[in-house]
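Participant: Chain by chain, the residues run as shown.
Number of protein chains: 2
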Amino acid sequence: MAKELKDLTPREENYSQWYNDLVVKAGLAENSAVRGCMVIKPYGYAIWEKMQGALDRMFKETGHENAYFPVFIPKSFFSKEAHHVEGFAKECAVVTHYRLKNDPEGKGVVVDPDAKLEEELIVRPTSETIIWNTYKNWIQSYRDLPILCNQWANVVRWEMRTRLFLRTAEFLWQEGHTAHATKEEALEEAKKMIGVYAEFAEKWMSLPVIVGHKSDSERFAGADDTLTIEAMMQDGKALQSGTSHFLGQNFAKAFDVQFTNQEGKLDYVWATSWGVSTRLMGALIMAHSDNNGLVLPPKLAPIQVVMIPIYKGEEELARVVERLEIIASELKKRGVSVKIDSRDNVRTGFKFAEYELKGVPIRLAMGQRDFANGTIEIMRRDTLEKETISQEGIEDRIEKLLDEIQQGIYEKALKFRDSMITRVDTYEEFKDVLDHKGGFILAHWDGTPETEEKIKNETKATIRCIPVDAPEEEGRCIISGKPSHRRVIFARSY
Amino acid sequence: MAKELKDLTPREENYSQWYNDLVVKAGLAENSAVRGCMVIKPYGYAIWEKMQGALDRMFKETGHENAYFPVFIPKSFFSKEAHHVEGFAKECAVVTHYRLKNDPEGKGVVVDPDAKLEEELIVRPTSETIIWNTYKNWIQSYRDLPILCNQWANVVRWEMRTRLFLRTAEFLWQEGHTAHATKEEALEEAKKMIGVYAEFAEKWMSLPVIVGHKSDSERFAGADDTLTIEAMMQDGKALQSGTSHFLGQNFAKAFDVQFTNQEGKLDYVWATSWGVSTRLMGALIMAHSDNNGLVLPPKLAPIQVVMIPIYKGEEELARVVERLEIIASELKKRGVSVKIDSRDNVRTGFKFAEYELKGVPIRLAMGQRDFANGTIEIMRRDTLEKETISQEGIEDRIEKLLDEIQQGIYEKALKFRDSMITRVDTYEEFKDVLDHKGGFILAHWDGTPETEEKIKNETKATIRCIPVDAPEEEGRCIISGKPSHRRVIFARSY
Numbered sequence: 001m002a003k004e005l006k007d008l009t010p011r012e013e014n015y016s017q018w019y020n021d022l023v024v025k026a027g028l029a030e031n032s033a034v035r036g037c038m039v040i041k042p043y044g045y046a047i048w049e050k051m052q053g054a055l056d057r058m059f060k061e062t063g064h065e066n067a068y069f070p071v072f073i074p075k076s077f078f079s080k081e082a083h084h085v086e087g088f089a090k091e092c093a094v095v096t097h098y099r100l101k102n103d104p105e106g107k108g109v110v111v112d113p114d115a116k117l118e119e120e121l122i123v124r125p126t127s128e129t130i131i132w133n134t135y136k137n138w139i140q141s142y143r144d145l146p147i148l149c150n151q152w153a154n155v156v157r158w159e160m161r162t163r164l165f166l167r168t169a170e171f172l173w174q175e176g177h178t179a180h181a182t183k184e185e186a187l188e189e190a191k192k193m194i195g196v197y198a199e200f201a202e203k204w205m206s207l208p209v210i211v212g213h214k215s216d217s218e219r220f221a222g223a224d225d226t227l228t229i230e231a232m233m234q235d236g237k238a239l240q241s242g243t244s245h246f247l248g249q250n251f252a253k254a255f256d257v258q259f260t261n262q263e264g265k266l267d268y269v270w271a272t273s274w275g276v277s278t279r280l281m282g283a284l285i286m287a288h289s290d291n292n293g294l295v296l297p298p299k300l301a302p303i304q305v306v307m308i309p310i311y312k313g314e315e316e317l318a319r320v321v322e323r324l325e326i327i328a329s330e331l332k333k334r335g336v337s338v339k340i341d342s343r344d345n346v347r348t349g350f351k352f353a354e355y356e357l358k359g360v361p362i363r364l365a366m367g368q369r370d371f372a373n374g375t376i377e378i379m380r381r382d383t384l385e386k387e388t389i390s391q392e393g394i395e396d397r398i399e400k401l402l403d404e405i406q407q408g409i410y411e412k413a414l415k416f417r418d419s420m421i422t423r424v425d426t427y428e429e430f431k432d433v434l435d436h437k438g439g440f441i442l443a444h445w446d447g448t449p450e451t452e453e454k455i456k457n458e459t460k461a462t463i464r465c466i467p468v469d470a471p472e473e474e475g476r477c478i479i480s481g482k483p484s485h486r487r488v489i490f491a492r493s494y
Numbered sequence: 001m002a003k004e005l006k007d008l009t010p011r012e013e014n015y016s017q018w019y020n021d022l023v024v025k026a027g028l029a030e031n032s033a034v035r036g037c038m039v040i041k042p043y044g045y046a047i048w049e050k051m052q053g054a055l056d057r058m059f060k061e062t063g064h065e066n067a068y069f070p071v072f073i074p075k076s077f078f079s080k081e082a083h084h085v086e087g088f089a090k091e092c093a094v095v096t097h098y099r100l101k102n103d104p105e106g107k108g109v110v111v112d113p114d115a116k117l118e119e120e121l122i123v124r125p126t127s128e129t130i131i132w133n134t135y136k137n138w139i140q141s142y143r144d145l146p147i148l149c150n151q152w153a154n155v156v157r158w159e160m161r162t163r164l165f166l167r168t169a170e171f172l173w174q175e176g177h178t179a180h181a182t183k184e185e186a187l188e189e190a191k192k193m194i195g196v197y198a199e200f201a202e203k204w205m206s207l208p209v210i211v212g213h214k215s216d217s218e219r220f221a222g223a224d225d226t227l228t229i230e231a232m233m234q235d236g237k238a239l240q241s242g243t244s245h246f247l248g249q250n251f252a253k254a255f256d257v258q259f260t261n262q263e264g265k266l267d268y269v270w271a272t273s274w275g276v277s278t279r280l281m282g283a284l285i286m287a288h289s290d291n292n293g294l295v296l297p298p299k300l301a302p303i304q305v306v307m308i309p310i311y312k313g314e315e316e317l318a319r320v321v322e323r324l325e326i327i328a329s330e331l332k333k334r335g336v337s338v339k340i341d342s343r344d345n346v347r348t349g350f351k352f353a354e355y356e357l358k359g360v361p362i363r364l365a366m367g368q369r370d371f372a373n374g375t376i377e378i379m380r381r382d383t384l385e386k387e388t389i390s391q392e393g394i395e396d397r398i399e400k401l402l403d404e405i406q407q408g409i410y411e412k413a414l415k416f417r418d419s420m421i422t423r424v425d426t427y428e429e430f431k432d433v434l435d436h437k438g439g440f441i442l443a444h445w446d447g448t449p450e451t452e453e454k455i456k457n458e459t460k461a462t463i464r465c466i467p468v469d470a471p472e473e474e475g476r477c478i479i480s481g482k483p484s485h486r487r488v489i490f491a492r493s494y
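These protein sequence lines map, in sequence, to chains L and V.
Sequential numbering of the first sequence, starting at 1, is according to the working numbering.
Sequential numbering of the second sequence, starting at 1, is according to the working numbering.
Just chain L, with the same shape it has in the complex (with noise of 0.2 Å):
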């Protein structure tokens, strides 16, 4: 490992190549035989479960149940809603037959021709359409209102390009669909969710994030206004990172979905649908980690601290052993998860490079000379500081530096991406900060689409949102000239 570790690819050298050794030498995940679908490997799958819970949580304090919708739609449902089908119903995986037979000539299992379905179905991409075929039957009257379901799934998009975690033809998700009496009842909802998803990343992720809506090209396709969360990678793109879609009446309208409302009239219902995916995963990784290897905040770390016996023979290892059993077991009992390494076919610094490869927050080791003298050495990942300390009061020293690692992980975060905010009036300006820059533009825009797409095709950055709480400020767009009441921010993306 320690030799491997040295195979990974300098961030500053290549970015994209230094994140995909990452998450395969970390044990992340990697390709599978499926051509665009990923393996999530256990160490990876541990760091999600760990987001899962938080999100779930989160979840539920906000009222919503979670629910789970079938795998499968039929095509037909994704023409009910015009913009939906364009945006949903091309790059997807087809069922067409559902059975296989052997093959006359012996070569192993062939389709059987007779058995083609009659609609063909659809691999979910996304679930508006059957979830809200669903709702028609569950919703009567204005007493059945509101509905706060939530599903974790996986869905499939027939993505030509894929990167692990950042795009993959399937990958795991939650998606949430809320059914509303009323319209403003709908637009808080939206607007609640998306703050959800802003929290968990900043306090668990460490991971700051603008909160805005997308321009209308740029939107969900089916939805009248998307929030979206919006975060700053070290090589200076952003990333979308959660979406939180008002879908106003398009849905269920789409699928005839009314009720009776307390006046005793008739309505159509009012929805949101909001999502995070494994996409987090390439976010967490791509905005902390460093060229040691993955820089994990706490509270999503799988292991938060890890203890290292140094020794010779085995009596030495014994007796340093029985010390730290002490101290993890203290730890345990305070939720804090630790990890004790005496494996004896490995070498110290085999160790020490593989945690930090794994992004550990915490490393403990324990020699001879700290054994006598009831010291230890600590080192916390984000910095790479190290020092020894008495082992006395080491439980409670710990319990603080993982909050103050957590915190000092944000902080970095955030002030590299306001480092990473410019403010530009002209488009020479604009293309200049692009290529020699990068990061998150501001800019003013005459929220044409014509000009977002004059943009967008010569230099590939896209707007990433109006910020809700971008000020009033009057000026020109950047390419029209055209009055604008306030900077929109632009950015190349992931």
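Hints listed in this document are in silico derivations from the structure and should not be mistaken for laboratory results.
Check before you lean on any hint, since a few could be wrong.
[What the hints assert, rightly or not] Taking lysine-lysine and the DSS-like style, the derived pairs with C-alpha atoms no more than 30 Å apart in a straight line are: (1) V:Lys203 x V:Lys25; (2) V:Lys203 x L:Lys50; (3) L:Lys332 x V:Lys50.
[Claimed, not checked] Sample of chain L residues lacking proximity to chain V, with all beta carbon distances greater than 12 Å (derived): (4) Asn20; (5) Arg323; (6) Arg334; (7) Ser342; (8) Ile378; (9) Ser390; (10) Glu392; (11) Ile394; (12) Lys412; (13) Leu414; (14) Lys415; (15) Phe416; (16) Thr422; (17) Thr426; (18) Lys437; (19) Glu458.
A virtual CB, placed ideally from N, CA and C, is assigned to each residue, including glycine.
Dock chain V against the given chain L, drawing on the hints supplied.
Facilitator: Same frame as chain L, now just chain V:
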């Protein structure tokens, strides 16, 4: 609901209809627009989440980690293991295309014939093949073993006749896939995991099970041995509730997974796989419920205690609810899940019926006399016994009662199950018991697939298992009269 509840078909009238009514009316699941696929509704999913939580902890306590493998499997993978292909690559969902396009005739979307996959993909019916293809790259030496992975996932088997939870085209499950250096270790693992399932069934589901080996013809396709837990439903039919397979070196050979053992020699890796699914929901419902609705063991109940205020007017409501909230708050501190139902638009009788239907283990009702007297009415769902008790010490009483109910449901099911085990020595008796009593039949069998097949064809009864604790007993096969050394268990089954 009180009215709807009366619509629940009585168990003795039509068991199958009673089951279906119950699943739908209690809000557990319903059929979807996609043939054979169900929607798991929030209340049903909440029970499944409790099952998942308990099982996941047990898997982790026994050293397993979660991971995630692709939903698609290349068709050719199935042909690599000769028995497996026969069992699994037949009735399945086949993805043949990866794109839709606008219908040239303007009628929605159609499959794009240019987007045909070179090799068809199968939506996983089980994941041995894709996982062993992956393990090939993870395993070089005995130091890489064991691998103890589990995944929570959806799977698809194209069943022709489906029933909610019991047999659906798509279902949710977990599948453990482990890799070992020795046969002994793999055998030990398969045994350990069927033990985990048996413990889960008994301690969490209050469901007694018989652990045994499947006969050759009932074995998992690709396994050398299949262990099963078999439960008895109230209609006298058996339900296979979980299986654990010793796969020998079959998949290692099919996917060429070799390792260097401690002696430095190449050998094939030994394997197990084991799974339980949303079918357990069916077992839970059918084992314990009655004509009033669900009966849930407290450990799996989303709501363990429901509190219902009985009142006239807002003032009475307010003071009763205030008192109930004090009790609820104390119960929540102790980890008991509580709901206070103070809906004003629903009658008390309706509420009572609703929570009986939903199987909430304990119901508390407090009226004005109770309020004045410091008493409360308590009802346990399993026996429907009601009494009025003092509010003093109610929390201790409830905690104790929840344990009693958990145990009581188990004992009732055990007593019933034991009453449904019949020993027979002739085929006449066998058929008589099967037709007039049902249940598990202990009979001698000559060990041949021919006899097994004859019995199955003539009576629809199958060998559920050869119990692991079956005592040696000399006897003669009820069909062939040939000698047999132990009785096996026959039953009609789901």
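Participant: Each hint should be assessed against the structure and marked as holding or not.
Facilitator: Now for the hints, and whether the structure bears them out:
Distance check on the hinted pair: lysine 203 (chain V) and lysine 25 (chain V) sit about 27 Å apart at the alpha-carbon level, within 30 Å; holds. Note on lysine 203 (chain V) and lysine 50 (chain L): the hinted pairing holds, with a Cα-Cα distance of about 27 Å set against a maximum of 30 Å. Restraint check: the Cα-Cα separation between lysine 332 (chain L) and lysine 50 (chain V) comes to about 24 Å, which is no more than 30 Å; the hinted pair holds. Against the 12 Å criterion, asparagine 20 (chain L) stays outside the reach of chain V, whose nearest CB is about 16 Å from its own CB.
Even its closest Cβ contact with chain V, about 25 Å, leaves arginine 323 (chain L) beyond 12 Å, as expected for a residue assigned away from the interface. Even its closest Cβ contact with chain V, about 19 Å, leaves arginine 334 (chain L) beyond 12 Å, as expected for a residue assigned away from the interface. Look at serine 342 (chain L): its CB is around 15 Å from the nearest CB on chain V, clear of 12 Å, so calling it non-interface holds up. In this structure isoleucine 378 (chain L) is separated from chain V by more than 12 Å, as the shortest Cβ-Cβ distance comes to about 27 Å.
No Cβ of chain V comes within 12 Å of the Cβ of serine 390 (chain L); the nearest lies about 34 Å off, and the non-interface call holds. Residue placement check: glutamate 392 (chain L) keeps its beta carbon more than 12 Å from all beta carbons of chain V (closest about 33 Å). Residue-level check passed: isoleucine 394 (chain L) sits 26 Å from the nearest beta carbon of chain V, beyond 12 Å. Every beta carbon of chain V lies more than 12 Å from that of lysine 412 (chain L), the smallest distance being close to 30 Å; the non-interface claim holds.
For leucine 414 (chain L), the condition that its CB be more than 12 Å from all CB atoms of chain V holds, with the nearest at approximately 31 Å. Against chain V, the non-interface label of lysine 415 (chain L) holds: every CB pair exceeds 12 Å, the least being about 34 Å. Phenylalanine 416 (chain L), annotated as away from the interface, keeps every beta carbon of chain V farther than 12 Å; the closest lies near 31 Å. In this structure threonine 422 (chain L) is separated from chain V by more than 12 Å, as the shortest Cβ-Cβ distance comes to about 39 Å.
Separation of threonine 426 (chain L) from chain V is adequate, the least Cβ-Cβ distance of about 41 Å exceeding the 12 Å criterion. Against the 12 Å criterion, lysine 437 (chain L) stays outside the reach of chain V, whose nearest CB is about 37 Å from its own CB. No Cβ of chain V approaches the Cβ of glutamate 458 (chain L) within 12 Å, the least distance being about 29 Å, so the stated non-interface status holds.
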